[in-house]
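Sequences listed follow chains A and B, in order. At position 196 of the first sequence the residue is numbered 196 (our numbering), and the sequence of numbers has no breaks. At position 39 of the second sequence the residue is numbered 39 (our numbering), and the sequence of numbers has no breaks.
Note that these hints are calculated values from the structure, not bench results. Here the structure is a predicted model, which means the values were calculated and not measured. Heads up, some of the hints might be wrong.
[What the hints assert, rightly or not] In silico lysine-lysine, BS3-like type, Cα no more than 25 Å apart, as pairs:
| # | chain 1 | residue 1 | chain 2 | residue 2 |
| --- | --- | --- | --- | --- |
| 1 | B | 343 | B | 474 |
| 2 | A | 268 | B | 402 |
| 3 | B | 343 | B | 363 |
| 4 | B | 108 | B | 285 |
| 5 | B | 343 | B | 291 |
| 6 | B | 445 | A | 268 |
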Amino acid sequence: MIYFVRRIVGIIPVLLVTWTLVFIVLEIIPGDPVNLMLAGRPASEEVRQRERERLGLDKPVIVRYGSFLVRAVKGDLGDSFRTRQPVTEMILEQLRPTLELSAGGFLVGVTLGVVLGVVAGIRPNSWLDTSAMFVALIGVSLPSFWTGMTLIFVFGTTLRWVPIVGDGITALILPSITVGLFLSGGLARLIRSSILEVMNQDYIRTARAKGLAHWVVVMKHAMRNALIPPVTLLGVQFGLLITGAVITESVFARPGLGQLLLQSVLNKDIPLVQALVVYATGVYIVLNLIVDLLYGVIDPRIKLEQAT
Amino acid sequence: MRKLLLLTAAVGLFAGTALAQGNDIEIVFAEDRVDHATFDPRVTQSRHEEQVITQVFDQLLAADENGTIHPGLATEWQVSEDGLSFTFQLRDDVTFHDGTPFNAEAVKFTFDSIVDPDLGSQGAVDIIGPYASTEVLGEHEVRVTFSRPYGAALGAFAESELSIVSPTAVESLGNDGFAQAPVGTGPFKFIEWEKGKQVVLERNDDYNWAPGYMNHQGPSNVSRAVVRFIPDASTRVAALEAGEVQVSELVPALDMRRLSSGDEFDTIVGNAAGLPFGALFNTSKGPFADKAVRQAFMHAIDRPRLAENLFFGFADPAFGPISSSTPSYWAGNDAYYGFDLDKAGELLESSGWKLGDDGVRYKDGEPLSIYFPSLLEPDTAVAVQADVKRAGFDVRVENVLKARQDELIFANDYDMLVIRWVSNDPGVLSIPFHSRNIVEPGKFKFNWARYADDGLDKLLEDAESAATPDDRDKLYGAIQKQVMDEGIFLPIHNQVQTIAHSSDLTGFRLAAGQWQLRFYEVTRTN
């Protein structure tokens, strides 16, 4: 419990540093925010001055920094330059499709990755190992746009089994496979090497000597000990996913945070970029915390109180 | 007995309705952008946002796909003798989608709000020109007055930016709310905007005021139209072929050729009005400071062949600083800079550029090298590079991103840059050619030729305030002639809107400017 509180409190300085960095970046980027907001429209000085006052840009830097922090704490990260909507609202709108794709991709990735990794790990250097690792290599190597287009061509255009840009759960299949295939590659390789290492440990020999069935040895004794590295990787990968899978979103014409981030950067929509960076930071902090907690669940010998 | 008759009539009516619904069409249109910001016609400056706006709104006057003006929400109009005032008689049978009546007050409200700085208009505020005021003369009569003669006025009243908006909706939603849920008088109602995904439109069942030039009257046969945002061109084509969308814009030329050769799809090509795809020569420094070198460069390019090779016949070569579908296009453009390598050689010789052993021309030991950073259409840049090599130009093409191009523009570090601009108004010529639009530190503008001439500036200003359409044509003609004589702009090919649609459907019509597609008249092919 103390550990948990300490971790939560530890988030504060990280967020503070991120917000400060984001604020500094906003300050040093050339170009008057008012000009950006007016999108090059020739506006009179009177209009510009009114906009500056509205955005609080007429105040000294330190006052603006203070009020930025105060607003950020309250969850108000400002309005988009382009759409004039609150940026938090814009992010929330894109959260659902992003979570859907993350969940779908994660499911495919973990299932495929675990199967390939375990199969390869328990029969090292067999033909099973070679073929599983070949599939894994293809998964990590193929770019998402190629995988996506190929899936569209085969299952969407030619066989017409699933919709390409439609609605509902069926439209989630191809994008999930595209994302999952990529995830599974790295995961399978990591699980394989992790299992190989564990299988040579003394306690595995002991378990076998006790006469336990092969699958019990693998699933109960080996897997549990082999899980720590893959779980760490999955934390990072899930973070990547829920901050937006920009290429997959683009190929399958899905809304999502990846598209939002891409467009905000291309349009120099600074408040939106800022908010997305803050969101991504938050996501990674939370995921790291979850992964650390999972270590303790997977291997009770890891005492969280000592981990810090 | 009477009851029975009524009942029969009612059943008959129901059957009729059911039949009508059987003919109802639902279409999905694949659009290549995802980053729409507003659907308020008074605010937008994006031709992509106008794809939706075109379906939802009407204007005082209606322009067909060739830019010819017809009566719209106004049935008649008179111009005052001094050319400053336009009096419109309005239709009295029109209602907005929110049920409120369209009247003179709505016209006044719309135009007054456009010039109000609080709205933050980006397009309409320019199109409305020297607007002074609107006077309500009666429930269905208004007079719009300008502060100086405005030759472009009639065309402007037909532009989608000057669509008439529902004052009630603007007042209840606020400007920012209206941008998300616009209310007009058009053939389709705006139902829903799923950000980054699609806009859903539904038929306006009360619609009975279509402009007379259209082939359909009354409510549209299209009961529901979805504008689906699909940024990837291959995905747009795949979704079209799988039948998930019925019509797609910006279809790649190769797919246009394939789709048009079968029976399942038909194609439509729009020649967009405005600046064609072309290049501005940097006249401030380097080899292109010399007019003869610029002219030689243009003579060295075989534009018809280049357009054919790159677009398989789906884009026409361009010959003037505005495309031929733009109002006030000057026919004289077509005679300039035909493909003539001998002429190019002579011009370069006369300027002292002599052919070296390596096929490149030299002057005072310096090679004739051209730096061409290219943001758009890398294939076109390379084709140009190959053509002019035969005349002894050594062109260095560099594919750049927008940020890099901006940097080069501010640093004045380029010999030529590509530009294109969709616009219905020849006034677009001021953007790259008026000297006030030469880039200054901190101010991003588009006169990348860095060409400054008082005579041309004066012509551009006079053309904007020309009193009659004839004067306007003459002035814009003179402007185009000077741009071509001076050789500051290389027209390459017309910007094309390439549309493919299921051949089950017919009646798609391009809006004026030939970019947006109207869904109103769509019907099933028999």
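Status of the hints after comparison with the structure:
This hinted pair does not check out: residue 343 of chain B and residue 474 of chain B have alpha carbons roughly 30 Å apart, beyond 25 Å. Taken as a hint, the residue 268 of chain A and residue 402 of chain B pair is honoured in the structure, with Cα atoms around 11 Å apart against an allowance of 25 Å. With a C-alpha separation of about 18 Å, the suggested pair residue 343 of chain B and residue 363 of chain B falls inside the 25 Å cut-off, and the hint holds. In summary, the hint linking residue 108 of chain B to residue 285 of chain B is not supported, as the alpha carbons are separated by about 50 Å, beyond the 25 Å threshold.
Restraint check: the Cα-Cα separation between residue 343 of chain B and residue 291 of chain B comes to about 14 Å, which is no more than 25 Å; the hinted pair holds. Distance hint between residue 445 of chain B and residue 268 of chain A is fulfilled; the C-alpha atoms sit about 17 Å from each other, no more than 25 Å.
In the structure shown, a violation is registered for the earlier hints numbered 1, 4, in ascending order.
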